[in-house]
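Participant: Take a look at the letters that make up each chain.
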Amino acid sequence: MMPTAPLKVVIVGGGTAGWMSAAGLVRLLASADYDLTLIESDEIGTVGVGEATLPHIKTFNDMLGINEAEFMRDTQATFKLGIEFVGWDKPGDAYIHPFGTFGEPWAGLDFQHHWTRAMLAGEDVGPLHDYSYAIEAANNAAFEFPNEDTKSIRSTYAYAYHFDAGLYANFLRGWAMARGVSRIEGQIVDVGRNAGSGHVETVTLKSGAVIAGDLFIDCSGFRSLLLGQTMGVAWQDWSEWLPCDRAFAVPCARTEPLLPYTRATAQPGGWIWRIGLQHRTGNGHVFSSAFCSEDQARETLLGQLDGAALAEPRLLRFQAGRRAKAWEGNVIGIGLAGGFLEPLESTSIFLIQAAVTDLANLMPTRGGIDRRLADEYNRLFEVHYDRTRDFIVLHYCANRREGEPLWDHVRNMRLPDSLAHKIALFEANAAAPDYKYGLFSRDSWLAVLVGQGIVPRGYNRLADSLTLDELGSKLRDLKRRIRTNAAAMTGHGDFIANYCPAPTAAKPMESAA
Amino acid sequence: MMPPPCGRVVVVGRDAALWLATNVIRTALAPAGVTVTAVELPSRLEPADVHATLPPLEALHNQLRIEEAALLRAVGGAFTLGQNFADAGGAEPAFLHAYGAYGTAIDNQDFFAYWLKARGLGLPVGLEDFSLTAAAARQGRLLIPDDETEKYGRSDYGYHLPAAAYVRSLKGLAVHDGVTIHAADAIEVLRDGDRIEALAFDGQRIEGDLFVDATGEGLLIDALGTERESWRSYFPGDRMLVASGPKFGSIPAYAEIRAGSGGWTGLYPSQARSHVVHVYASSLCSDEEARRDAAENSGLALTDVDIQAVDPGMRTKAWAGNCVAIGAAAATFDPIHNVELHAVQLGLIHLLAFYPAGSDFSAERAEYNRLMRSSFERIRDFQAVHYRLNPYAGSAFWAQARQGDASPELAHTIALFQARGEIAPYEDESFSPDSWRTFFIGHGLVPDSYLPPIDRTPPETMKAQFRTMLGFVKEQVLRQPTHDAYLQTIARRGNG
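Going down the list, the sequences are from chains V and A.
Just so you know, the working numbering puts 308 at position 308 of the first sequence, and the rest follows in order with no gaps.
Just so you know, the working numbering puts 224 at position 224 of the second sequence, and the rest follows in order with no gaps.
Worth flagging that the hints you see were computed from the coordinates, not collected in a lab.
Any given hint could be a false lead.
Said to hold, decoys possible - A few chain V residues facing chain A, derived, Cβ under 8 Å:
id: 1; residue: Met363
id: 2; residue: Asp375
id: 3; residue: Glu402
id: 4; residue: Ala428
id: 5; residue: Tyr435
Claimed, not checked - In silico lysine-lysine, DSBU-like type, Cα no more than 35 Å apart, as pairs:
id: 6; chain 1: A; residue 1: Lys151; chain 2: V; residue 2: Lys58
id: 7; chain 1: A; residue 1: Lys151; chain 2: V; residue 2: Lys8
id: 8; chain 1: V; residue 1: Lys8; chain 2: A; residue 2: Lys463
id: 9; chain 1: V; residue 1: Lys436; chain 2: A; residue 2: Lys247
id: 10; chain 1: A; residue 1: Lys463; chain 2: V; residue 2: Lys436
id: 11; chain 1: V; residue 1: Lys58; chain 2: A; residue 2: Lys463
id: 12; chain 1: V; residue 1: Lys90; chain 2: A; residue 2: Lys463
None of these values were measured; they are calculated from a predicted model.
Glycine included, C-beta positions come from ideal geometry on N, C-alpha and C.
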């Protein structure tokens with residue numbers, strides 16, 4: 001590249017989004033070409049409730065070269081094999097969305113067609129979820145690393161983490177600053193724009209300091225200081241499909257056994273998350289203010305804690321949706337500044353990670369801002385958010401909680417066409433969505449489609465190349481392999497105590513930046 | 001077992017689409033109790049017609065238990081590792097679109113960005129020198145993939161299959177498998193509302209639950225009133241001449257596409273002859289001129305000359321009612337890149353994936369139509385690149401080609417490549433990023449920048465990796481059999 005001054009990149013905001021952006025970019029970009037500065041204020045709290053992740057986070061950490069055990073110790077982390085949804089189809093029901101596959105493809109055909117065929121033929125095959133190794137391990141509260149031998153049933157899953165997001169941001173702050181990211185403490189009081197291009201040129205801090213930049217990454221959270229407020233990029237409201245707009249969050253004491261999965265329990269006015277960390281359990285009640293008052297929501301949450309509350313419940317307000325664009329002019333919104341989806345499927349941190357990876361590849365050079373790169377970035381942003389939205393809406397729309405106003409509303413609302421089509425196709429022939437780009441694999445869709453009580457009425461007839469007897473014995477053998485292998489696994493609590501025990505007197509999450 | 005909801009399939013058509021459809025559906029769904037009846041219309045093939053195929057066809061042949069060596073022996077076919085795009089006038093450098101990877105990753109990043117960077121720094125080595133497949137093709141050799149070459153990158157191949165012999169071979173398979181076959185000169189489509197109830201011909205009446213239209217012109221799907229949208233504005237050619245020429249002394253392991261002033265001439269070698277295709281625009285060139293151009297560009301004495309219309313476009317719905325159009329009945333393509341059988345294959349693979357699972361199959365049909373549109377449009381866009389970005393000067397045909405339409409997706413793909421050298425990822429894409437880049441680079445586009453993350457790799461590492469790759473390509477290619485020798489081995493095995 002040209003031997004001129006490096007491109008000056010200013011990251012506004014230092015929560016999970018800010019420090020993941022800083023760490024990712026300082027790792028991926030050459031230091032001679034990019035100068036990275038992050039501005040954060042100790043006076044502004046971060047949301048920091050993003051405590052549950054998806055398996056992709058491991059790719060991000062590996063890319064940074066982070067030592068897993070060290071990172072887990074420092075963030076009070078535990079392992080996560082999936083999410084348990086309690087009462088989402090109807091009260092009393094529960095299913096797990098695992099980070100793993102269902103069964104194996106047989107005769108060149110995806111497993112669910114074989115399972116559907118046997119089920120429709122009246123065979124006693126049990127639920128689809130019996131054919132997931134990750135679910136069996138989760139139910140046993142066990143954990144081990146996946147086997148590298150791809151022929152082994154023990155290789156058919158991945159894992160993510162539960163961690164204290166504030167501590168994770170702290171961890172990444174130390175990591176990124178050690179590698180050359182400058183940190184400036186201060187609150188932004190003014191934004192200077194170029195009169196011609198409208199690009200942001202400077203931000204002014206309360207102290208009077210003026211920080212100039214070529215590119216600004218807005219990680220200011222819900223405020224969307226630069227992307228929304230300064231650049232005026234419109235907000236697309238998705239509350240028509242996702243009516244939850246508030247959450248109370250509260251930590252409570254740890255309980256045993258240490259569960260290797262997140263739990264999401266449906267409530268009359270929303271749902272409650274439960275995330276077990278090493279030093280405490282994170283809890284929260286996501287609810288719709290149209291269907292549940294704040295007082296009710298707070299009481300419901302406190303009434304369902306399985307340990308002593310460690311703090312006062314904290315209220316968050318939000319709206320589901322995304323900005324029309326994530327990149328406008330020389331401003332890129334990452335994290336909540338770009339969009340918000342409730343934490344039902346732990347997608348916030350993944351969406352940050354995808355944004356950082358895409359941005360590194362589409363980063364402007366010193367030649368200046370290139371519309372063509374921004375167009376591609378915005379296209380990928382839409383793919384990520386819109387596909388994730390459909391997946392989350394599925395949890396709501398397919399429910400049988402008759403007579404509960406919130407649930408009646410979401411059952412009867414008009415769905416995005418892209419989602420209605422996916423459901424209709426699964427009902428018709430058990431085909432699960434199988435796109436290449438964007439979040440959530442075929443197996444994830446299957447877990448929730450079947451978990452929410454949608455039963456296919458047909459299957460791909462290529463499955464008929466096996467006889468029903470052959471199929472029956474293959475299914476029994478698979479179940480047996482899953483049971484016996486999972487039974488031999490180490491307990492999750494023991495595994496953590498051995499692999500990455502965190503100091504017991506950890507800082508509570510509110511102390512995080 | 002539950003009875004199949006569409007248990008009686010009637011495939012109507014001709015030539016490769018008819019027999020591929022018949023064999024694929026029968027083989028896959030016979031265990032489910034589906035029966036297939038074939039109604040064969042008169043062939044439209046000319047003696048000079050060839051199916052130049054893309055790599056995925058091998059997998060379809062495997063499903064049909066068609067053995068490669070036996071097929072090539074039976075039809076006199078040859079291998080092809082790609083297509084060499086040359087300027088008949090010699091002004092523009094030639095480039096090879098090889099069916100394999102170009103280079104191998106460095107630091108888990110795509111090779112291409114490193115090549116771009118190195119070229120900017122003065123590296124005088126072309127992209128194709130890093131391709132095992134391209135290097136083998138240039139040397140008249142094949143590239144039989146093994147573990148070592150697979151680690152380096154994909155090395156695929158297609159075939160040049162004389163069409164009439166290939167069709168005989170496919171039909172033989174259907175006959176062997178006991179498919180009921182009717183021959184008809186013409187058919188009448190008997191409708192029941194928006195579905196087809198039966199076909200009538202020669203006093204016979206054939207009923208079916210699902211009808212597959214492999215007629216080429218779309219006799220069945222037309223009867224259901226589906227619309228067709230034209231892609232003529234993307235492509236300059238509306239006429240195609242096919243002809244035979246004498247065989248090459250040594251059979252090249254690739255096709256050659258020569259840009260002439262009146263259009264392009266493709267040479268597709270098979271064992272016994274050279275198949276020649278010449279594409280031109282009737283508004284700019286008479287059929288007589290085209291004959292002369294084809295002979296001149298190919299440098300061959302041409303026989304079996306036949307002239308056909310070219311009219312790219314697709315049905316708005318490839319599946320209407322209970323009728324699925326496969327191949328040309330669903331979409332016709334410009335002759336560049338030989339996507340005809342690939343389109344047949346895509347249609348069949350998606351039909352198997354969304355074969356009716358019940359009596360109401362509207363969801364399957366909607367998904368099929370969505371996928372086919374998306375897949376066909378991506379192919380069309382890939383084909384359009386060769387025309388829209390061509391550098392061939394002094395020719396009304398190529399000047400007109402540069403004015404061709406671009407879909408928003410294609411315009412964005414070109415813009416992003418120009419900006420960064422990357423290929424925008426879209427769903428349902430048939431061609432790899434390497435294939436797209438071959439045409440962008442081959443036609444002289446120079447990206448304004450490359451992936452910034454590759455600057456983290458020290459220059460010495462990059463240089464050392466380049467040297468290792470070039471050495472590997474050289475060494476591997478020398479180990480490979482020549483195309484001629486390999487074809488002889490296949491022939492001998494047949495005799496033995």
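Participant: Now, for every hint given, state plainly whether the structure supports it.
Facilitator: So, going through the hints one by one against the coordinates:
{"no.": "1", "hint": "Met363", "verdict": "holds (5 Å)"}
{"no.": "2", "hint": "Asp375", "verdict": "holds (6 Å)"}
{"no.": "3", "hint": "Glu402", "verdict": "violated (25 Å)"}
{"no.": "4", "hint": "Ala428", "verdict": "holds (4 Å)"}
{"no.": "5", "hint": "Tyr435", "verdict": "holds (6 Å)"}
{"no.": "6", "hint": "A:Lys151 x V:Lys58", "verdict": "holds (24 Å)"}
{"no.": "7", "hint": "A:Lys151 x V:Lys8", "verdict": "violated (39 Å)"}
{"no.": "8", "hint": "V:Lys8 x A:Lys463", "verdict": "holds (29 Å)"}
{"no.": "9", "hint": "V:Lys436 x A:Lys247", "verdict": "violated (43 Å)"}
{"no.": "10", "hint": "A:Lys463 x V:Lys436", "verdict": "holds (33 Å)"}
{"no.": "11", "hint": "V:Lys58 x A:Lys463", "verdict": "holds (31 Å)"}
{"no.": "12", "hint": "V:Lys90 x A:Lys463", "verdict": "violated (62 Å)"}
Going down the numbered hints, you'll see the structure goes against 3, 7, 9 and 12, while the others check out.
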